[in-house]
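Chemist: Next come the chains, spelled out residue by residue.
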Amino acid sequence: MNLFASKDDLIRWLDSLLQERTVIAPVRVQEQTVFQPISKVEEIAFDFDNTTLSPKGWFLPPTETLFSVQGDDGQVELVPTLVEQDAILFGLHPCDAKGIALMDKPFLQEPGDALYRERRSRTALVGLACGQVQPECFCTSMGSAPDDPSNVDILLTEVEDGYIVQAVTEKGKALLPKGLAEYKGKVPTPPELQAVPAKEVISAMRELFNDPYWEQLADRCLHCNICAYVCPTCYCFDMRDYADKGKVERVRSWESCQSPGFSLTAGGYDPRTTKGERLRQRFYHKFLYFPEQFQDVACVGCGRCVRDCPVNIDIREVISNLQQVMEAKSGS
Amino acid sequence: MELIQQIRDKARKLLEEGAVEGVIGYERASDGVTSRPLFAYDPSATERLIFDETCAHNLVKYLLDKKGKKMAVVVKPCDSRAINLLLNERQIERDKVFIIGVGCPGMVETSWNHKSETLQAKCRSCQLFKPLVYDFLAGGEIERQAEEETYSDITEAETESVATRREFWLEQFGRCIRCYACRQVCPGCYCPVCFAERLEPLWVGIRIAPEENELWQTIRTFHLAGRCIGCNECERVCPVGIPLSLLNRKLEKDVKELFAFQAGLDPEEQPPFATFKKEEKLEFGE
Amino acid sequence: MSVEYQPKVIGFLCNWCSYAGADMAGTSRMGYPQNIRIIRVPCSGRVDPLFVVKCFQRGADGVLVSGCHPGDCHYTEGNYHTRRRFALLREFLDYLGIAKERLRVEWISASEGQRFAELVSDFTAELARLGPRSKI
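Read top to bottom, the protein sequences are chains A, B and C.
Residue numbers are given in our numbering: position 33 of the first sequence equals residue 239, and the series is strictly consecutive.
Residue numbers are given in our numbering: position 134 of the second sequence equals residue 135, and the series is strictly consecutive.
Residue numbers are given in our numbering: position 91 of the third sequence equals residue 93, and the series is strictly consecutive.
I should point out that these hints are in silico values taken from the structure, not numbers from a laboratory.
Predicted, not measured: the structure shown is a model, and the values here were computed from it.
Incorrect hints may have been included.
[As the list claims (entries may be wrong)] Calculated cross-link-like contacts (lysine-lysine; reagent style PhoX-like; alpha-carbon spacing at most 25 Å):
1. A:481 with B:97
2. B:68 with A:481
3. B:123 with A:481
4. A:405 with A:384
5. A:453 with C:56
6. C:10 with A:453
7. B:67 with A:481
8. C:102 with B:257
9. B:131 with B:257
10. C:10 with A:451
11. A:213 with A:392
12. A:451 with C:102
13. B:14 with B:116
14. B:278 with C:102
15. C:102 with B:282
16. A:481 with B:14
17. B:254 with C:102
18. B:123 with B:14
Put together the whole structure using the sequences plus the hints.
Modeler: Take a look at the structure:
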């Protein structure tokens with residue numbers, strides 16, 4: 207059953223949640239919108255296209271200490287990193303929610319990542335359906351939609367005077383405020399998106415590993431980490447132990463396969479020394495390796511990489527180019 | 002169109018004659034509004050070459066990926082300073098580059114799918130009307146108005162208190178995600194192993210936090226002291242909008258004042274930190 | 003009971019002049035504050051601005067770089083480079099919010115033990131007045 211909340215209802219509800227929980231919501235910072243913990247509901251930006259970075263940083267922070275080891279007088283103590291509070295991740299679009307669902311697959315599969323699992327179980331997802339889409343959006347081609355409720359606990363859809371409130375899970379239902387009336391109005395039609403046909407991309411990937419396409423595309427790639435860092439489903443990281451004054455911390459930080467030296471092994475061998483090999487890896491992970499392991503393509507069509515790549519390496523173009531190259535090769 | 006046709010014709014001729022292995026220029030980006038780098042290896046690909054006020058990318062950096070190959074590159078006046086820098090530092094050979102110079106009307110602020118009417122700040126004060134070095138000049142020299150570079154935003158920041166500046170930069174560096182796009186796009190950053198990637202000794206490490214970010218940004222900027230040619234690509238590509246030009250131009254201003262030097266004007270120049278004067282008063286000098 | 007703030011000072015002293023000068027202060031029993039930790043380098047020109055910024059990042063309240071007087075460098079020209087580099091770095095760090103008073107560049111010869119002791123006292127007192135550098 208769909209419920210209705212006015213803007214005031216919503217603000218009151220968020221205020222009450224804020225008393226006992228961390229609320230992470232989109233906030234306007236210097237001309238950009240970013241997800242960050244808020245201290246007042248007024249900080250939330252309700253009107254935004256899509257945030258600079260995806261909300262994956264709440265579950266997999268750019269940097270975190272996994273644990274520290276303190277040594278004192280021969281006594282060694284392992285100090286785990288604790289997750290302090292229950293949280294609400296508010297205002298994420300369906301594409302980002304799908305991104306989290308995709309990241310759950312590697313991070314929650316047994317034995318599971320302890321910190322990710324803890325944060326994930328203690329965070330409720332309140333999604334915001336998209337009333338409008340950007341030219342770079344293509345979620346419908348990647349198994350999601352502007353009004354897709356499948357990966358959130360509660361989905362809000364903006365209508366005149368307020369929001370349709372849909373409790374998707376039991377967790378979401380339990381969070382809702384009492385006294386919301388049933389929504390009997392029309393449910394807005396979700397906006398149309400351009401299609402990026404991707405049916406044959408996985409089989410194209412299988413055939414085109416050694417195709418010169420990759421080196422040619424990589425000519426203009428800068429090998430920065432922008433695409434991987436803004437992406438809701440990229441999750442590569444680096445880990446290092448730091449020792450300082452009797453304490454050792456194991457630190458985990460974001461890294462990406464695009465960086466030169468990412469795949470350098472001790473002993474000096476690097477399987478991905480050329481630009482094309484590095485660029486190819488990211489697309490292969492998304493459109494072959496991840497689907498083979500987890501039965502789903504690791505792209506949600508949010509368009510951030512399209513928007514932010516400084517040299518316009520456009521994943522939609524890559525998807526269609528690969529299929530074209532396959533067609534040309536097979537002479538059909 | 003005349004200008005673009007000249008670029009295309011020249012590029013096609015160079016490829017047809019085998020004078021170069023490839024041409025690095027600009028083509029329309031997938032949004033239909035902005036532009037992106039194009040690597041043309043076949044004469045037919047040169048039809049895609051364009052040049053307009055969205056072509057902000059500094060293509061000179063790509064020459065470092067193509068060492069040993071003879072390449073042609075489309076170069077704006079600011080980019081030509083990068084050519085001089087790399088010639089000066091012996092990173093490229095003059096006879097391995099065919100420079101297709103263009104007189105530049107100034108680049109506008111762009112972002113994905115959006116082209117504004119506002120000239121980029123670096124272009125407003127640019128005094129170069131044609132590239133400093135080229136083998137072929139497409140379109141001829143451009144007549145345009147150029148403001149004087151007063152560094153007013155820098156001098157204004159200098160009048161504020163140390164504490165105010167500390168707070169400002171702390172906030173800015175806090176947003177850095179260490180994507181290294183600034184380094185990757187910069188023609189002056191070409192160390193095989195960047196100091197930030199070094200593990201022995203460990204300077205920056207992998208932690209993405211304000212302290213480490215500050216060290217990263219401060220030293221990267223300082224490594225460009227007397228070398229930054231002011232293309233401002235670093236600021237343009239930063240995904241979180243850190244005002245890097247406030248760092249680079251501060252050093253540019255100080256290097257000008259202290260050493261009367263600007264990078265990239267002459268391939269045979271003596272950079273200020275590779276040389277010295279026996280007698281000079283530099284605030285604490287004797 | 004309050005603990006008096008003791009600035010942490012790191013000093014990079016060139017082996018041939020400044021370090022010898024500091025040694026002289028020691029052997030002549032000239033007292034100077036214990037706040038300074040000395041790192042010996044072959045030449046002040048060895049001091050990479052990276053070291054200085056790293057010192058500040060790791061909690062130093064002040065950094066001293068000291069070498070031979072210009073013209074007297076053991077390696078002939080090292081300190082001319084020091085002079086240029088640090089003129090720029092002091093300005094830049096101040097611009098970033100690290101007060102320029104926290105970075106001192108001095109020329110101290112092997113016979114200037116007294117001067118070294120006085121300098122360290124002076125620097126430490128000034129840093130105490132400035133207060134701790136607010137670490138990030």
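Chemist: If a hint holds in the structure, say so; if it doesn't, say that too.
Modeler: To see whether the hints hold, each was checked on the structure:
1. A:481 with B:97: holds (21 Å)
2. B:68 with A:481: holds (14 Å)
3. B:123 with A:481: violated (30 Å)
4. A:405 with A:384: The hint is violated at about 44 Å.
5. A:453 with C:56: Holds, at about 20 Å.
6. C:10 with A:453: Since the Cα atoms of residue 10 of chain C and residue 453 of chain A sit roughly 21 Å apart, the hinted pair holds (cutoff 25 Å).
7. B:67 with A:481: holds (12 Å)
8. C:102 with B:257: holds (20 Å)
9. B:131 with B:257: holds (22 Å)
10. C:10 with A:451: Holds. Residue 10 of chain C to residue 451 of chain A sits at ~16 Å (cutoff 25 Å).
11. A:213 with A:392: holds (18 Å)
12. A:451 with C:102: violated (29 Å)
13. B:14 with B:116: Status violated; Cα separation ~32 Å.
14. B:278 with C:102: Holds, because 23 Å separates the two Cα atoms, which is no more than 25 Å.
15. C:102 with B:282: Since the Cα atoms of residue 102 of chain C and residue 282 of chain B sit roughly 17 Å apart, the hinted pair holds (cutoff 25 Å).
16. A:481 with B:14: Status violated; Cα separation ~28 Å.
17. B:254 with C:102: Distance ~18 Å between residue 254 of chain B and residue 102 of chain C Cα, so the pair holds.
18. B:123 with B:14: Violated - the C-alpha atoms of residue 14 of chain B and residue 123 of chain B are around 33 Å apart, more than 25 Å.
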